[in-house]
Amino acid sequence: MLLSWSALWATIIVPIALGVIAWPLRSRAAHHALTYLSAASLLGPLAVVIYGYAVGALGRGGVIDPFILNATSYSIGTMALAIDGLSAPVVIGLSIVTAFVAIYSIKYMETRIHEMEEAGERAPSFGTYLLLYNIFAVTMLGIAYSTNLIEFYVFLEGSLISSFLLIAFYGYGDRKRISLLYFVWTHVAAVVFLTGVLYYGYLVHTFNYAVVINGTLEPVTRAIGPIYQYVGSAAPLIAALLLFGLLVKMAVFGVHMWLPYAHAEAPTPISALLSPNLIGLAGYAIARFIIPLFPQQMLDWRPFLMGLAFTTIIYAGLVALRQRDYKRFLAYSSISQMGYMLLGLSTLNIYGIMGAMLIYLSHAIGKALLFMNAGVFITELHGLRDITKMGGLAKRYPLVSALALFGFMNLSGLPPSVGMWSEIYVVLGVVKTPYFLASYGNLVGLTLLLIVALTVTASYSFITMKRIYYGQPRSKIEAKESIDGFKLSLLAIAIFGVVFFLAIAPLTSSLSSVVHASVLLGYLSLK
Amino acid sequence: MNVLGSIPLMTGKVVSEYWLTWSITWLSPYVGAAILAIMWLVGVRNEKAYGVISVLSILISAIVSTIAMYIVLTQHTIISAVTSGYWDPVLKVQVGVYLDGLGAIMATIVSWLSFLIDLYSVEYMKGDWGVQRYFFFISFFVGSMMLVVTAANMILMFVGWEGTGLASYALIGHWYTDEEEYWVGVPGSKALGKPMYFEPSTSGVRAMLFTRVGDVGFLIGFTGLFALITTLVPKAQNPLSIQTIASTAGTWTSFLASKGLLTAFLFIFTLGALAKSAQFPFTEWLVTAMTGPTPVSALIHAATMVKVGVYYMLRFAPIFFIGALLAATAVPTAVAQTQQYFLIVASLAAVTVFMNATMAVVNHEFKLILAFSTAEYLGYMILAVAAGGFLVFTHNLAYMADAEMAGLSMLLAHALFKAALFLVAGYALHVSGSRFIDYMGNYSKYMKFTMVSSWLVGLSLAAVPPFLGFFGKELVLGSVAKTSVWSLYLLAVVAVVFTAAYITRLLIRVFHVPPLYEAHGGHHLREAPPLMLIPYLILGLASIALGIGWFFGLGKALALGIYDTLAVIARPAYAVSFDVTTVTITAIIIVDIIAVALVYLRRHYLVDLIERSSALRGIYDFLFNRWYVNSALYYLFLDSFNGLSWLFNVINRAIDLFYHYVLPEAGLLTSRGLRGLMRGRTDYILTLYLVMIAIVGILVYMAWR
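If you read the protein sequences in the order shown, they are chains A and B.
Under my numbering, the first residue of the first sequence carries the number 1, and numbering increases by one thereafter.
Under my numbering, the first residue of the second sequence carries the number 1, and numbering increases by one thereafter.
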C-alpha cells in the first residue's frame with residue numbers, strides 16, 4: 001500500500017535534520033531537548049509499523065513510501081523505501097533500540113566526554129555525537145527499508161562510516177587502531193559484497209531485489225522471472241560474493257575477529273546499536289535477497305551453512321564464558337546469537353526464516369538491555385567493566401539486575417520474553433529440515449547439537465548473571481541505584497520485550513505470509 | 001489385532017466454554033505477580049500487602065480449580081475453554097485450558113497446596129530482605145505450574161514449563177548473597193576432588209542448567225510433533241493442541257515407527273520430564289535446590305516444578321500407548337518400539353528410586369533427606385506409569401488406566417506428606433539455627449502438635465496402612481509387578497525398606513532423643529505460631545483422613561478422574577487387595593520402623609560401627625557422596641566443556657593473531673620488499689619495464705586473436 005505522504009523518508013530525514021541543528025550548538029539544554037526530539041522521531045518507524053499492522057498492509061504488499069526514485073533507464077532499477085512483514089521485526093527492533101538508547105546517551109556521553117576532557121583528550125562535543133548517532137540510526141533504518149542493492153549499499157556505507165567515526169571519536173582503549181581495524185574489516189566485506197552487486201547488476205540490468213507493482217511490494221523475480229535466466233553459470237560466484245560479504249558483517253565463526261574489538265571498545269550506546277542491530281541486518285539481507293534470488297545455491301550450501309551456524313553458536317558461547325570484560329563477553333554472546341540467526345536462515349523453510357527474523361527482534365531487545373547495563377556500571381562505578389571485580393551488584397542495583405536477567409532471558413529464550421518465540425521457531429525450523437528425521441543418527445545428532453547449543457547459551461547467561469550480580473562483592477562498591485531517565489530507558493526497552501511476547505500474532509502472521517510469498521517463492525517451499 | 005476399532009479417545013463429553021472463565025486457574029496467580037511487579041516498580045515496599053495479594057491470587061485459583069474438578073467429576077465432562085482467535089496464528093495456538101479428569105485433579109491439588117504453603121510463607125518470610133521478590137516469584141511459580149497442568153496446547157504448556165524453571169531458579173537462589181548459613185552440604189567437604197557444598201546462587205544456576213538440557217528435548221519433541229502432524233495430517237485443526245496430538249497419535253506413531261525412530265523420538269520428547277522430575281542422571285539439581293527458603297522447597301517438591309515431569313508422564317503415556325496400538329495394524333514394530341521406550345524410562349525411574357532411598361539413610365541435613373526422598377517418590381510415580389506403558393504389548397487398555405491411577409494416587413499422597421514435612425523442616429531449622437539434624441532433638445517436649453503432624457505424614461510416607469501413602473505405594477508396586485520385570489520390582493521393593501528406615505530415623509532424631517551437639521544461634525523452643533502450624537497440621541490430618549476416606553469415595557473419585565482423562569479408555573481399579581505380598585511388605589515396614597526406632601531410642605548410634613569397619617565406612621562414604629554422581633557429572637560435562645572453552649579460547653587467540661598480527665606484518669614485509677626493488681637502480685627498473693611491456697604485448701596479442 002502506498003502511503004499518502006512520504007512518512008518513511010521523513011523518518012530518515014528528520015533525525016538527520018535534528019542532528020545537524022544540534023551540531024554547532026553548545027548549550028546543554030538544547031542538546032537535551034534535541035536528543036529527546038530525536039528519540040521521539042526515531043519512534044516514528046514503530047508508529048508506521050503499528051499502523052501497517054492495524055490496516056493489514058504488512059502481510060502482503062507492504063507499506064511503501066510514495067516517493068520512488070526511478071533509474072531504470074540507467075539499468076539501476078527503482079529505489080523505494082518500504083516495510084513489509086519480513087522487515088517489520090527489524091524495523092521494530094531498530095526503532096525501539098535507537099530511540100531509547102538516544103535518551104540513555106545523554107548521561108552516558110556527557111560523562112564520557114567529561115572523562116575524556118579530564119584525561120586531556122579533545123573530544124568532539126555532544127552535538128557532534130548526536131549528529132553521528134542519528135545518521136547511524138537512520139542509515140540502519142534505510143538498510144531495512146531498501147528495495148535496491150545500490151540503495152542498500154549506500155545506506156550500508158553510511159552506517160559503517162558513521163559508526164567508524166563514533167568509535168574513533170569516543171571509543172575506549174586503543175580507539176584509533178580499533179576503529180581502523182573495524183573500518184578495514186567491514187570494508188573488505190563491503191567491497192566483496194559490492195563486487196557481487198555490480199556483477200549481478202551487469203548481468204540482470206537492474207539492481208532491484210524488490211519492486212513496487214500496482215502499489216504492492218513484490219520480489220523482483222515476480223517482475224522479471226527467475227534470476228538464473230540472467231546470471232546462468234555465474235550464479236554460484238555472485239551468490240558466494242554477496243554471502244561472504246554478509247557473513248563477515250554477521251561475524252560468523254572464522255571471520256568474527258573484528259567484532260569483539262569494535263563492540264567492546266565502542267562507546268556503550270554505540271555498542272548497543274552495533275551489536276544487536278547492525279550485525280543482524282546482514283541476516284535480514286540474507287533472507288531478503290540471497291535466499292529468493294539464489295535458491296539453488298542456498299540449497300546446495302545448506303548443510304555447510306547449518307554446520308557453520310552450530311559452530312558459531314557453540315564456539316562463541318564457550319569463548320564468551322572465559323571473558324573477563326563485561327562488554328567483550330557481550331560481544332562474543334552477539335556472535336553466538338548470530339549463529340542462531342544463521343541457523344534459522346540456513347534451514348530454508350518458513351519456520352526457520354521466521355525464527356531468524358524474530359531473533360533479530362529478541363536479540364535487539366536483549367542485547368541492547370545488556371550493553372546498556374554494562375554502561376550503567378561504566379558510568380556510575382568509575383569505568384568498572386571487569387567481571388571478576390563485580391559480584392553482589394544485585395543488592396545495590398535491584399532494578400538494573402532485574403533488567404539484566406530479562407536481557408539474558410531474551411537471549412536464552414525464556415518466557416515472558418519475545419526470545420521464547422524465536423527459540424521455538426528456530427528449533428521448529430531445524431526439526432522441519434529433511435535431515436532431521438532422515439535417520440537415527442541424524443535425529444540423535446541434531447538433537448545433541450541443539451541441546452549443547454541452547455545449554456551453552458543458558459550457561460553463559462546464567463553463570464555471568466551469578467558472577468556479576470550475586471554472591472559477595474569482589475571489590476569495594478559504594479554507589480547505590482538511583483532511578484533516573486538513564487535507567488528508565490532500559491525499563492522501556494524491556495517492556496517492549498514483554499509486549500511482543502504477548503502480541504506476537506501480527507508479527508508472525510505477516511512474517512509467514514511474506515516469507516512464503518517473497519522469500520521461498522514456491523521453489524523452496526517444495527524442498 | 002486392533003482392539004480399538006473406532007473407539008473415541010475420550011469417554012466423557014467435551015463441553016466448550018468461554019476461555020476466561022476457566023483460565024482464571026492460571027491467570028489469577030500471574031495477574032497477582034504482575035500487580036506485585038508494578039507495585040515494586042512504583043516503590044511500594046509494604047511487606048504485608050505483598051503477602052496478602054500473593055495468597056489471595058492463589059486462593060482464587062484454588063477455588064476455581066475446585067469448581068472445575070467438581071464439574072468434571074460429577075458431570076462426566078471435559079472442559080475445553082479456549083479463545084476463538086489465535087495467540088500465534090502460524091502455529092495455530094489458542095489461549096485457554098483443557099480440563100479433563102487428570103488436569104482438573106492436578107489443578108486442584110497444586111493450587112490448594114500452594115495456597116497452604118504461601119500462607120505459611122507469610123509468617124516464615126516475615127522481615128526477610130527480599131520478601132517482595134519472594135512473593136512475586138511464588139505467584140509467578142504457581143501461575144506457571146497451573147498453566148502446565150491446565151494448558152490446552154503445547155506452547156502454553158511450554159510457557160508454564162519454562163516459567164517454573166525460571167521461578168525455581170530465582171527462588172532457589174533467593175538468598176543470593178551466599179552467606180554460609182544458606183549453603184547446602186557440609187562446608188569444605190569434597191568427593192573425588194569435587195566440592196560437595198553449594199551456595200544459593202550456584203544452586204540456582206545448577207537447577208536452571210540441569211533442567212535446560214531436558215527442556216530442549218521437550219522443545220524438540222513438540223516441534224517435531226508439529227512438523228509431523230502438519231505434514232501427515234494437513235487437515236488437522238490446531239496441530240499443537242493436546243487433543244489433536246492424541247487424535248493423530250496413530251498416524252505419527254506409525255510414521256516414526258516405520259522409520260525405526262519411535263523409541264528415540266519419544267525418549268527425546270520425555271527428556272524434559274526426566275530433567276524436571278530429577279530422575280537419574282538429573283537428580284543432582286534437586287538435591288542442591290535446598291538452598292532456597294524452606295517454603296520454596298516445599299513448593300518445588302510437593303506441588304510445582306518436579307511434578308511437571310510426572311504430570312507429563314500421566315498426560316502423554318496413555319497417548320503413546322494408544323498411538324502404538326493404533327499404529328500396530330500398519331507397522332507392527334510400533335508396539336515393540338513403544339515398549340522399549342517405556343522400559344528405558346522405567347529403568348531410569350527404578351534406579352532413581354533405589355539410589356535416593358539409600359542416600360537418604362545416611363544424610364544429616366534435614367532438608368537433604370527430604371530431597372532424596374522426593375527424588376525417590378518421583379521415581380515411584382514415573383515407574384508406575386512407565387510400567388503400565390510397558391504392558392502395551394498386551395494390547396490391554398486397562399493396564400494403562402491402572403498405572404495412571406497408581407501414579408496419580410502416589411502424586412496426591414506424596415504432595416500432602418512432603419509439603420507437610422518441609423513445612424515442619426522450615427520451623428525446625430528456624431528454632432535450631434542449623435540445617436543438620438544432629439543439632440536438633442527432643443522437640444516433642446516443646447511442640448506436641450508439630451510432633452503429631454510429623455508422625456502422621458511420616459507414617460504416610462513410610463506407607464503404613466491406613467495412611468494415604470499406603471494406597472499409593474500399593475498401587476505402584478502392583479503396577480510394577482504386572483510387568484514381570486523382576487529387577488524393577490526388586491529395586492522398588494527394597495527401596496520401601498530404606499524409606500521406612502530413613503523417615504523413622506529422621507523423626508526420632510528430631511523429636512525424641514536429645515541433640516548430639518549443642519546448637520548455636522537458635523531460637524527459644526516452643527510450639528510454632530498458628531499461621532505456620534495450621535498448614536502442616538491440616539496436611540497431616542488430611543494424610544490419614546484421605547487414607548481412611550479411600551474406601552469412602554476418594555478412591556472412586558480418583559478412578560473417575562482417570563477414566564475422564566484423554567486417551568484413557570478403561571476404568572481403573574482402585575481397591576487394594578490384601579494379599580500375601582501386601583501383608584508381607586506391610587509387616588516388614590512395621591518391623592523396620594520399630595527396629596530403627598528402638599536402635600535410636602536406646603542411643604545405639606551407628607557412628608561407632610562405621611568408625612570401626614572400613615567396609616561400612618566405604619559404603620557410608622559412597623552413599624554420603626551421592627554415589628559420586630555429582631563428581632562424575634562434573635568431570636564428564638563441566639570439566640570437558642571447560643576444557644573445550646579453554647581450547648576454543650586458544651584457537652581464538654590464534655585467529656586473532658593471524659588476522660591482526662601475521663597479516664599486517666606480512667603486508668609490511670611485502671611492502672618493504674617491493675620498496676627494496678624500487679630504489680632507483682636502473683637495471684632493475686629496466687628489467688621491470690621490459691617484463692611489463694612483454695605482458696602487455698602478450699595481452700594485446702591474445703585480445704587481437
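What the hints contain is simulated information worked out from the structure, not anything from laboratory work.
Since the structure is predicted, the reported quantities are computational estimates derived from the model, not experimental observations.
No residue lacks a Cβ here, since even glycine has one placed at the ideal position from N, Cα and C.
Treat the hints with care, as some may be off.
Stated by the list, open to error - Pairs of lysine to any residue residues, derived as SDA-like cross-links and limited to a Cα-Cα distance of at most 20 Å, are as follows:
# : chain 1 : residue 1 : chain 2 : residue 2
1 : B       : 259       : B       : 332
2 : B       : 92        : A       : 59
3 : B       : 126       : B       : 52
4 : B       : 194       : A       : 59
Unchecked claim - Partial pick of chain A residues on the chain B-facing surface, computed with a CB cut under 8 Å:
#  : residue
5  : 113
6  : 116
7  : 315
8  : 392
9  : 394
10 : 415
11 : 449
12 : 458
13 : 462
14 : 471
**Asked** Was the hint right that residue 458(A) lines chain B, CB cutoff 8 Å?
**Response** 5 Å, holds
**Request:** May I ask you to test the interface hint for residue 315(A) with respect to chain B, counting a Cβ-Cβ separation under 8 Å as satisfied?
**Result:** Cβ of residue 315(A) sits 5 Å from chain B, so the hint holds.
**Item:** 20 Å limit on alpha-carbon distance, applied to hinted pair residue 92(B) and residue 59(A)
**Value:** The given pair, whose Cα atoms are some 17 Å apart, holds under the 20 Å limit.
**Item:** Satisfaction of hint between residue 59(A) and residue 194(B), Cα-Cα up to 20 Å
**Value:** With Cα atoms ~56 Å apart, residue 194(B) and residue 59(A) exceed 20 Å; violated.
**Asked** Taking the closest Cβ pair, is residue 116(A) under 8 Å from chain B?
**Response** Since the shortest Cβ distance to chain B is 25 Å, the answer is violated.
**Message:** Please verify whether residue 126(B) and residue 52(B) have alpha carbons no more than 20 Å apart.
**Reply:** 12 Å, holds
**Prompt:** Can we keep the residue 449(A) interface hint, with Cβ of chain B closer than 8 Å?
**Reply:** Status violated, d = 10 Å.
**Request:** Take a quick look at whether residue 259(B) and residue 332(B) sit within 20 Å of each other, Cα to Cα.
**Result:** Cα-Cα ~12 Å, so holds.
**Asked** Measuring from the C-beta of residue 394(A) to each C-beta in chain B, is the shortest one below 8 Å?
**Response** Holds - the Cβ of residue 394(A) comes within 8 Å of chain B, reaching about 6 Å at its closest.
**Item:** Proposed interface contact between residue 113(A) and chain B, which counts if any beta carbon pair is under 8 Å
**Value:** The hint is violated - residue 113(A) has no Cβ within 8 Å of chain B, the shortest such distance being about 29 Å.
**residue 462(A) as chain B interface residue, shortest Cβ-Cβ below 8 Å** = For residue 462(A), the interface hint holds, since the closest Cβ of chain B sits about 5 Å away, which is under 8 Å.
**Request:** Using Cβ atoms only, decide whether residue 415(A) comes closer than 8 Å to chain B, and label the hint accordingly.
**Result:** Holds, about 5 Å.
Figure legend: structure checked against the earlier numbered hints; hints not met, in rising order: 4, 5, 6, 11.
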